[in-house]
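J.: If you read the protein sequences in the order shown, they are chains D and H.
Letter by letter, the first sequence follows residues 12 to 52 in the numbering used here.
Letter by letter, the second sequence follows residues 16 to 538 in the numbering used here.
Wrong hints could be hidden among the right ones.
What the hints assert, rightly or not - So the derived label-pair ranges between C-beta atoms look like this: (1) H/S239 <-> D/G21: 39 to 45 angstroms; (2) D/A29 <-> H/L64: 14 to 20 angstroms; (3) D/A29 <-> H/K322: 31 to 37 angstroms; (4) D/F39 <-> H/W474: 37 to 43 angstroms; (5) D/G21 <-> H/E528: 52 to 58 angstroms; (6) H/V215 <-> D/F39: 21 to 27 angstroms; (7) H/F525 <-> D/F39: 38 to 44 angstroms; (8) H/V484 <-> D/F39: 47 to 53 angstroms; (9) H/A490 <-> D/C26: 42 to 48 angstroms; (10) H/T146 <-> D/F39: 45 to 51 angstroms.
Calculated directly from the structure, the hints in this document are not laboratory data.
It should be emphasised that the depicted structure is a prediction, and the values quoted were computed from it without experimental measurement.
Note that beta-carbon positions come from the ideal geometry of N, C-alpha and C, so glycine has one too.
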Amino acid sequence: MTVLSWIFMGLVWACILALNVFCFYQMFWKEQDTTRTDMKR
Amino acid sequence: MNIRRPDGWATRFGLIMAMAGNAIGLGNFLRFPGKAAQFGGAFMVPYLLAMVLLGIPLMWMEWTIGRHGGGFGHGSTPGMFHRLWRHPVAKYLGIFGVLLPAMVGVYYIYIESWSLGYAWQTMTGAYWGQTSNEEMEAVFSNYLGMNGGLFSFNPHSYLFFLATFAINIFVFGRGISKGIEIVAKYCMPTLLVIGIVLAVRVLTLPPMDGRTIGDGLAQIWRVSDWGALLKSDVWIAATGQVFFTLSVGLGMIHTYASYLKKRHDITLSGLASCGTNEFAEVILGGTIAIPAAVLFFGAAQAQTIAKGGTFSLGFFALPVIFQQMPAGQIFGTLWFLLLFLAGLTSSMAMFTPLLVFLEDELRLTRRQGVTLVGVSVFLMMQPIILFMHHGMVDEIDYWVGDFGLVLFAAIETVVFAWIFGMARGWKEMHLGADLQVPRIFYYIMKYVTPTFMILLLAWYAYDGLVARVLMRGVAAESQPYRWLARLIIAGMAGFLVWGVRFAWKTHPKFFEEASRAREEEEP
Numbered sequence: 012m013t014v015l016s017w018i019f020m021g022l023v024w025a026c027i028l029a030l031n032v033f034c035f036y037q038m039f040w041k042e043q044d045t046t047r048t049d050m051k052r
Numbered sequence: 016m017n018i019r020r021p022d023g024w025a026t027r028f029g030l031i032m033a034m035a036g037n038a039i040g041l042g043n044f045l046r047f048p049g050k051a052a053q054f055g056g057a058f059m060v061p062y063l064l065a066m067v068l069l070g071i072p073l074m075w076m077e078w079t080i081g082r083h084g085g086g087f088g089h090g091s092t093p094g095m096f097h098r099l100w101r102h103p104v105a106k107y108l109g110i111f112g113v114l115l116p117a118m119v120g121v122y123y124i125y126i127e128s129w130s131l132g133y134a135w136q137t138m139t140g141a142y143w144g145q146t147s148n149e150e151m152e153a154v155f156s157n158y159l160g161m162n163g164g165l166f167s168f169n170p171h172s173y174l175f176f177l178a179t180f181a182i183n184i185f186v187f188g189r190g191i192s193k194g195i196e197i198v199a200k201y202c203m204p205t206l207l208v209i210g211i212v213l214a215v216r217v218l219t220l221p222p223m224d225g226r227t228i229g230d231g232l233a234q235i236w237r238v239s240d241w242g243a244l245l246k247s248d249v250w251i252a253a254t255g256q257v258f259f260t261l262s263v264g265l266g267m268i269h270t271y272a273s274y275l276k277k278r279h280d281i282t283l284s285g286l287a288s289c290g291t292n293e294f295a296e297v298i299l300g301g302t303i304a305i306p307a308a309v310l311f312f313g314a315a316q317a318q319t320i321a322k323g324g325t326f327s328l329g330f331f332a333l334p335v336i337f338q339q340m341p342a343g344q345i346f347g348t349l350w351f352l353l354l355f356l357a358g359l360t361s362s363m364a365m366f367t368p369l370l371v372f373l374e375d376e377l378r379l380t381r382r383q384g385v386t387l388v389g390v391s392v393f394l395m396m397q398p399i400i401l402f403m404h405h406g407m408v409d410e411i412d413y414w415v416g417d418f419g420l421v422l423f424a425a426i427e428t429v430v431f432a433w434i435f436g437m438a439r440g441w442k443e444m445h446l447g448a449d450l451q452v453p454r455i456f457y458y459i460m461k462y463v464t465p466t467f468m469i470l471l472l473a474w475y476a477y478d479g480l481v482a483r484v485l486m487r488g489v490a491a492e493s494q495p496y497r498w499l500a501r502l503i504i505a506g507m508a509g510f511l512v513w514g515v516r517f518a519w520k521t522h523p524k525f526f527e528e529a530s531r532a533r534e535e536e537e538p
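Just chain H, with the same shape it has in the complex (with noise of 0.2 angstroms):
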C-alpha cells in the first residue's frame, strides 16, 4: 500500500535545508560551546564518539521510519509505530513523537522571540552603556519583566513574542512544500554566511591583555586532563548534546521524512543534514562564543559564564563583548539575527507532527489544523510567559526536552532495531539510497545504539529523576506552578491518547486494515 499524500519537498536542497534547520538551533550556537567549555576540552572525545554510535544510527533510523510509515499516509510516529509493530500499544508509544516537538514548541518559541527582541535592541543601542556581565543580567531580567512582581510580564518582550509566534504559524500553517520549505531555503544559507562572517571576525580579533584567540580555542580543544573522560557526566552531557542537535528522539524527523517516496534516498540526504549540522555546531558555534568570552574576560571567567547556564553566554556575556568591539552594533544585531533564524528554522518543525496527525489520522482539514494548534498553543504559553520565575519552563524542559527525548529515543530504536528487525530495516533504509552505508552500522544500529540507550536511560532515571518527580529543591510557592506546568503535558497527552482511540475506531483506512484482516482470518 501506498498512498499519495497531496503535501510534500519540491526540492532536494529544499529537504536538506529544512532537515538541517530543524537540527540547527539555539543549542549550536549557545549549548554547545557551553557544554565544551565546561568540561575543558575532555568534551570532544565523547561528543564525537556519540555523534558516531547514537546521533548518525539514530538520524537515519528515524528518517528510515519516518518514509515508511509515510508511504502508509501516515506523517506522525503514532501510525509509524503502528506500521512498524502490530502490537496495540505501539500507537499509544508513537504519542512521544507528537507530544514532545509540541511542547518543547510551547517554551521555545518564546525563548527564540528574545534572540529576535535583543536583535532590535542591540540594532538601536537599547542597552548600550551597561558594561558588565551583572548589568546585563539586569537588562535581561527587565526585559523578560521579572522585577519581583506576581507576574513575569514586560510588553516590549511580549510584543516580540507575538511577532515570532505569529510568524511560525503562518509558515507551518503554509503547509511543507510553500511554507517550511521556502523559508528553510532562504533562511539557511543566510543563517550560515552570518554565522561565517561572524566566526571570521572573532578569529581576526587582536590580542588582548597577552590573550590570544587561540587561547580561546583551546577552552573546547586542549584537552588538559585525560582523567575527566573516566567521570560519567561528561558522556552524559556529550549524549544529551548529540541528541539536542541533531534533534533527535522528538519525532520532527520522522514527519519531514514522511513526506518522502519510497524512491527517494535517505541514507546521503540524512548524513548530508547531519554534516551540516555539524559544520554550524562545532566549526561555528565553537568559534564564536567561548573564544570571544575568553580573549576578552579570560580563561577562567569564560568557563564561570559557561557554568553558568546556556543565556549567560549569549545574553549576558556576548553583549558586553559587542560593547567593545569595533562595529560592535553590526556584529551584536548579526548574532541576534543568526540565534532567531536557527530558532525558528527549528520551531517550525515543532508543531508540524501535531498539525499532521490532525490532519492525517482525525482528518482535519488544514485550516481547522492550524487554527486549533495555534490557539490551543498559544493559551499553553500565557502561563508559561507570567510565571516563568517560578521555572515552568525549566520543568516542561526537563519532561519533555530531556528525560522524555532519552525515554522516546530508547523506544523506537528498540521498536525498530529489534522489534520491526534490523534485516528489514536495513532493507528500507536502503531502497532508492545514492550511499550504500558501511556494513558495520548495521551491528551498531542492532547492538550498540539501543543498548546505548537503554543504558543511558537507566541513568537518567538514576540520576535525578526522582529528585525531579519529588521536586526536591525547589521553593514551596514554586511548586504549584511547577505542578501547573506537568498539568499542560499532561492534559496534552490524554488529547493525544484520546485522538489515537478515536481515530483508530473511527478512520477509513484502519477500518480497512481490519476488515482485510478478518478476511484473510475467515476461510
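Only chain D is shown next, with the shape it has when bound in the complex (with noise of 0.2 angstroms):
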C-alpha cells in the first residue's frame, strides 16, 4: 500500500462511518419525539 492508498482508503472508510453516525444520530438520539421511531403511531 503507498500513502495514496491508504488515504484513499481512510477517506472512503470516514465518509461511509461519518454517513452511518449522522444518519443514526439524527433518527434516534437527535429526535427526541418517540412517534419518529415508533411507525404504529
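Now that you have both chains on their own, put them together as the hints suggest.
T.: Put into C-alpha cells, the structure is as follows:
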C-alpha cells in the first residue's frame, strides 16, 4: 500500500462511517419525539 | 385516497434493518471483493461515482414510488406504476418488479443454502485435510452432486436446501412486522458483529512469506493503472455492482416502502439503509476475503481466484485459508454463517412483492398466497437444482438478475423522473422528510440518472444480448435445459400478465376508479 492508497482508503472509510453516524444520530438521538421511532403511532 | 393496509413496520429501526438486510447479501462479501480485486484498485473510483449518481438517487426513487403506491393500497409495482402513469401499459411495465425478485429468489435460496451447509461442514470439519483450491473445488462439486451423472443431486445439500426454503417461507409468510422485521432486527446486528470479528481477525493476521495484510488491502485500494478508468468494462462492472449491492431495480424496496405512511420519512431512512449497506460492503466485505487471500496465496494467485468467479473466492479459497489459521474452524463457521445471514435477509424480501401482489390485487388470503407461492416456487426450483450442471442458474441469472434488472431500473427512472415528473416526485419524496436532500440531486435524478440508465441499457443490449439470445458458446446438450429456464421465466411472466388483466377487470378499487372517471367525463 502506498501512502496515497492509505489516504484513499481512509477517506472512503471515514465518509462511510460519518454517513452512518450522521443518519443514526439524526434518527435515534437527536429526535426526541418517540412518534418518530415508533411507526405504529 | 389513502387506504390503510393491515400489516406494516412496527419500528423505524426494524424498517432500516430490513431495508439494509434486503441490500446486504452474498454480493457484499463475495461479489464486491472479487470485482474490486479483478480490476486492481481502479474499480473503486467508478464504483463510488456510480453510487452517488445512480445508486442513491435510484434508491430514493424506489422508496418514493413504494410509499406513493402504498397510499393507494398497492404493495407491488403494477399498481404503483398505474398510479404514477395513467397509461394502460404502465401496469404491465410494473410486472417486472414482481417477476424479477421472484425469479432471482428461485435460485438465490439454493445458493444461500450452500452457506448453511458449508457452515455445518466447517463446524464438523467435514472437508478438513483438503488443503488446495483444486481439492476444495472437488469438495464443492461433490457437495452439489455434480459427478457427471444425469442429475446434480446430493441428499446432504438437498437437506440444507429444504431447511433454508422452509425458513424463508416461514419468515415471509408471517408478514412484515411479525416475520421480516423481527428476523431483520436480530439477524442484521448479528451479521454486522460477525463481520467485524472476521475483519479484525484478518487485519491482525501476522505477515506470511514477506507479505503483509497491507498488500492484501492494496489489491482493492491501490490504483496501479489509472488508464484502466478509460476502459468501459470497469465502469460496467462497477455500475452493475452498485445495482446488486443496493438491490435497486428489482421491486423489493418498493414493496417494503409501500407499508410506510405519508408522514413517514424516506430520505433519511433511505440514506441510512444505504450507509449500512456500504459499511458492510466496503469496510467489512473489502477487508475479509481478498486481503486474506493475498496474504496466504500472493497477489497474482488471489487475482486469478477473483477472476474465477464469485464462489471460487468464498467456497474454495477461504476454506483453504481457514484450515491454516489458528482457530480456523471457528472463524470458518462464522464466515459461512455470515454469508447465510446475509443471504437470508435478502431472500426473505424476494417473494414478498409476489405475495403482496396476490393479496392486494388478486385478493387472496395470506394463507392462500403463501401456499401458492411456496408450492409454485418449490416446483420451479427442482429442475434448477437437478440440472444445475447445464447452467440453468446462469441462464435465469442473466435474464432476471442482470439484463432484466437494468431494463426495469431504466423504465422506472424514466417513468418517475420524466413521466410522473421530477417536480412532483421531489415533492412526494420530501413529504414528512427528516432530511432535506441537496438540490443538486433534483437535477441528478431528473437528467443524469435516467440518461445514465438508458446508456447502460443500450450497452447491455449491444454487449452480448444477441449472443445470449442465440446461446452462443453453450454446449448443444445444455441448450434444452437453458430453454427450460427461459420457459420457467416466461411461465411466471405469463401468469403475472394474466393476474394484472384479471385484477384490473375485477378488483373493486379499479371499478370505483373507472366509475369516478366516467362520472367526471359525463356532465
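J.: With reference to the structure, classify each hint as holding or not holding.
T.: Consistency of the hints with the structure:
1. H/S239 <-> D/G21: 39 to 45 angstroms: Because 18 angstroms falls outside the window, the suggested range is violated.
2. D/A29 <-> H/L64: 14 to 20 angstroms: The hinted range 14 to 20 angstroms holds for D/A29 and H/L64, with Cβ atoms some 19 angstroms apart.
3. D/A29 <-> H/K322: 31 to 37 angstroms: holds, 33 angstroms
4. D/F39 <-> H/W474: 37 to 43 angstroms: Between D/F39 and H/W474, where Cβ atoms are some 41 angstroms apart, the hint holds.
5. D/G21 <-> H/E528: 52 to 58 angstroms: Holds - the Cβ-Cβ distance for D/G21 and H/E528, about 55 angstroms, lies within 52 to 58 angstroms.
6. H/V215 <-> D/F39: 21 to 27 angstroms: holds, 25 angstroms
7. H/F525 <-> D/F39: 38 to 44 angstroms: The hinted range 38 to 44 angstroms holds for H/F525 and D/F39, with Cβ atoms some 40 angstroms apart.
8. H/V484 <-> D/F39: 47 to 53 angstroms: About 50 angstroms separates the Cβ atoms of H/V484 and D/F39, which means 47 to 53 angstroms holds.
9. H/A490 <-> D/C26: 42 to 48 angstroms: holds, 46 angstroms
10. H/T146 <-> D/F39: 45 to 51 angstroms: holds, 47 angstroms
In terms of the numbered hints stated before, the structure departs from hint 1 and from no other.
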